[in-house]
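Chains as they are written, first to last, in the working numbering: chain P, 788 to 1402; chain V, 1188 to 1522.
In short, the hints are calculated from the structure, not lab data. Keep in mind that the hints are not guaranteed to be accurate.
List of simulated lysine-lysine pairs, DSS-like, C-alpha gap at most 25 Å [stated by the list, open to error]:
1. V/LYS1498 - P/LYS951
2. V/LYS1311 - P/LYS872
3. V/LYS1498 - P/LYS956
4. P/LYS953 - V/LYS1205
5. V/LYS1498 - P/LYS949
6. P/LYS951 - P/LYS966
7. V/LYS1268 - P/LYS872
8. P/LYS966 - V/LYS1311
9. P/LYS966 - V/LYS1498
10. V/LYS1205 - V/LYS1498
Some but not every residue of chain P turned toward chain V, in silico, with C-beta under 8 Å [as the list claims (entries may be wrong)]:
11. LYS828
12. GLY829
13. LYS847
14. THR850
15. LEU853
16. THR1274
17. GLU1304
All residues carry an ideal CB built from backbone N, CA and C; glycine is no exception.
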Amino acid sequence: MDMRKGTYPFCGVVGQKELKLALILALINPCISGVLIKGEKGTAKSTLVRSLPWILPSLKVVTIPLSTDIEALRGYLDWEEALRKGEMRWVQGLLTGKGERVIYVDEVNLLEEHLMDYLFWKLSSSHGHRPILIGTMNPEEGEVGPHFLDRFGLCIQVRGEKDKEKRIKILERRQAHDKDPYSFARLFERSHSLLHHRILMARERLSSVSLSRDIKGLITNICVENRVEGHRADIVMAETARAYAAFRGSHEVSQSHVIRIAPLVLLHRKRGPSKKNTPISTPPVKKGPPSPPRGRGEDSSAPLTKGREDLPGGGERGRGDEEGGGNTKGLPLPEDQVFEVGDLFRVKRISSPRDKRMRKGSGRRSRTYTCLIQGRYVRARPTGVFRDIALDATIRAAIPYQVFREKRSEMAITIFPSDLHRKIREKKSGNLLVFVVDASGSMGARSRMVATKGAILSLLLDAYQKRDRVAMISFRGRGARLNLPPTRSVEMAARMLSSLPVGGRTPLVKGLISARELVRSQRIKDPSLRPIVIVITDGKNNVSVYGADPWEEMKKVSSLMREEGEVKYLVIDTEEEAVVQLQMGKVLAQYLGASYFRLEELRADNLLEAIKERL
Amino acid sequence: MKRSLYPFCAIVGQDMMKLALLLNVIDPSISGVLIRGERGTGKSTVVRSLVDILPSIRVIDGDPFNLSPDTEMDVYRESRKVLGEGEEEEIHIITRRVKVVELPLGVTEDRVVGSLDMEYALRKGMRRIQPGILADAHRGILYVDEINLLEDHIVDILLDCAAMGVNTIEREGISFSHPSRFVLVGTMNPEEGELRPQLLDRFGLCVNVSSVEEMEKRIEIVERRLAFEADPWSFCKSWEREQNRLRERIEKAIHLYPRVEISRELLVSIISRCLEMEVDGHRADIVMLKAAKALAAYNGREWVEEEDVEKASLLALPHRMRRSPFEEVDITRGK
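Produce the complete structure using the sequences and hints provided.
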């Protein structure tokens, strides 16, 4: 079948120069190994990938659907043959094939991790025509893990066209295409064939394109300057520069070649605040306000920060102690304040360990065995019913008995219900995150609460991407309040948070007790639930609940909660850095058996660290 | 006769919702409607009653994949194999109404995508596919009530399929792809949580419904409903002429649609609206253009007018202005 049939022609796409260039370079030099396309919805990401056969008719675009499973990728035992003829034959999976291929994954950030693992392993170890991996993603839905990110040779950030004229052109072309795809494509016949020849010529030239020592020096310099991890960036940049030189018809890589392609290599690799960005080290696509270093900051935090002004309680700067009570929410205490939300960042990986229990539901936080027909097939177990049968294990179970079994049909292997095995699968699921937020006066030091809210919102953003349920309890004054019962609506939590008032004493124990009650009642409803309780406090507990010393009460209650088990605790200490630190949060964490982070430590902007967290 | 469906024309008010659905019927590539609103505002009634006024399509008798006998015969031949059916010498082409297929909330992945018939496999040693809901919905309308409560992994599948227009059944070494293009109609109550922006953007149009405020109309609603419950048959009968008229109007619009032209000024108007609202990407432009043209066709015109664009923008923009997962959907800003 002609892959081009009915698709939009490559040269018909208006703009998106960077993306087109990246795709062409990847076609010229397979050593570039993959292109990741990031960008907002509806910016011709997929259209361009699917249109590649227009400029390289021999190319096959193999689409990996998100619902794929490992057998489909890897190949499988031909059970039809096995059952009927008793022959063992292996059928090749999606990734094996002849000729030039593009392996295309739309929404690559939603693909299950074990499938990604396999995909990269297979691609890096394949011989002959090396397939080119192309992934598209919308960063709002979560990032590709850092270890996978680095495996994509190039990364492009696409944006919609802002120019009116160009947008009109897009609409007009779209209309023409919809009306008659065939004649529309004919309009670009010439440009397609020109491009086709340029690519073929470049491929031929590629092996003779050389890199001088100076150019190699320039490349390593750029990479060091941008604080990339490892050496892959250097290598990819060299290969990309060679491809670009070949494409431009030159036999030697020049400085301008390197400078042209450097942003494509660096966008997803550059880290941290480099000393002052040189012009080369800044990808031209990056515009707008300075944003947090790599990763999701680039795309999502900018609009988020902007959107913050629209959130209720957002811009309440200057609402002071004298006037504060006028808030529409009817806040009880006059000295209450509502602070805005601080900067957002990517948080460290938080998850609960895997246990033996089967769970329903999905998500992206913790590993679990699942009773859904989804996830990685880890092993098989005997079963009596026809549901998610593991054919390989079933056939294996039947084989030893074949001599004793009467042959009933023309099948080579007779299978009894007792042979049936079903798949045990493992996948990730979301958790219930219970936020226990200290809203007492001691948190009221302005910058502190702002930063704390920023941290909580960052955690919420993480929860959104991992598909968790969230609940929020705040404690201040004399008691604790369930501000938000468990909900999937993370945005409700965000709204809640932005209008959260602060003031009064610190009834930490009350907060803990409320969390415990909430978790218990939730676990009665769903015993397989694995809640993660996140206590955000400076630990300055000063309200007694049972009439004893608040400090002793805290120790007692928290050790009780720890003994009950099955819940993961996290203490985020918001105490300000000072000469004398009370570090009471740390004590609380010890008694709870919780992981302890200082507010500042919550950030996961170090690539290496993020990988370590995963292991 | 199973004439127990409430007639589309008998529904009082909710004009925008009705219009959004009709535009999708005229051009399915407008790609769906999201209907947001509180309970009991006739959301489901409208969608279900749509069945009766939908146009007809040609299909092959007994084909669970609803393939078109005109353009998808190659897939049809392949599908016979995976269904465990032999080559048929003769196929019967029939015409039937476009279907409305419902996706229930608790649905399993297998049921949506399709799966391998295991029992058949182990008894006969042969593979046979059980087509899923996505096969059923091809060239039809896929209706998801309370779509914001749908399990995430099912949402991912829908997104994937809506984007590609193709569903792939991959189980135990069966790999079969079949076209699955449907008009996605979702309803939701925003109080129970928002949709992810990614899914939101996939809906071509979005309408916000609220209950009818005017006393007169409210009484009308009750009266009609009572009349319908008391004697569905005569009630439907009394609306038949109206229903037929609408059906004809839609069919005319479908024929007219490919010929509808738009002036350059109005293209500029579409783009300015999108730029002004700072929507992501170009999908909004394209959808708005299609909706405006469909609207013109619905009004029996071969050219688009400013009012078409105006109305189309009300349907195409509101849900696209949310810039981040946490921002609220503000439907009023579109005006």
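Okay, the hints, checked on the actual structure:
Distance check on the hinted pair: V/LYS1498 and P/LYS951 sit about 21 Å apart at the alpha-carbon level, within 25 Å; holds. Taking the CA atoms of V/LYS1311 and P/LYS872, the gap is about 12 Å. The hint holds against a cut of 25 Å. For the given pair, V/LYS1498 sits about 23 Å from P/LYS956 by alpha-carbon distance, which is consistent with the 25 Å threshold. The suggested pairing of P/LYS953 with V/LYS1205 is violated, with an alpha-carbon distance near 33 Å, which exceeds 25 Å.
The suggested pairing of V/LYS1498 with P/LYS949 holds, with an alpha-carbon distance near 23 Å, which does not exceed 25 Å. Of the pairs offered as hints, the one joining P/LYS951 and P/LYS966 holds, with about 23 Å between alpha carbons and a cut-off of 25 Å not exceeded. The hinted pair formed by V/LYS1268 and P/LYS872 meets the criterion: a straight-line CA distance of about 19 Å does not exceed 25 Å. Taking the CA atoms of P/LYS966 and V/LYS1311, the gap is near 47 Å; set against the 25 Å cutoff, the hint is violated.
At roughly 23 Å between alpha-carbon atoms, P/LYS966 and V/LYS1498 fall within 25 Å of each other, so this suggested pair holds. About 13 Å separates the Cα atoms of V/LYS1205 and V/LYS1498, which keeps this hinted pair within 25 Å; it holds. Nearest Cβ of chain V to the Cβ of P/LYS828: about 4 Å, under the 8 Å cut. The hint holds. For P/GLY829, the shortest C-beta to C-beta distance to chain V is roughly 3 Å, which falls under 8 Å, so the interface hint holds.
Interface restraint check: P/LYS847 against chain V, minimum CB-CB distance 14 Å, threshold 8 Å, status violated. Among the interface hints, the one on P/THR850 holds; its C-beta lies about 7 Å from the nearest C-beta in chain V, closer than the 8 Å criterion. Hint on P/LEU853 holds. Least Cβ distance to chain V is approximately 5 Å, under the 8 Å limit. Evaluation of the P/THR1274 hint against chain V yields a held restraint, the C-beta minimum of about 7 Å falling below 8 Å.
Hint status for P/GLU1304 relative to chain V: violated, with the closest Cβ pair at about 24 Å, above 8 Å.
The structure shown violates the earlier hints numbered 4, 8, 13 and 17.
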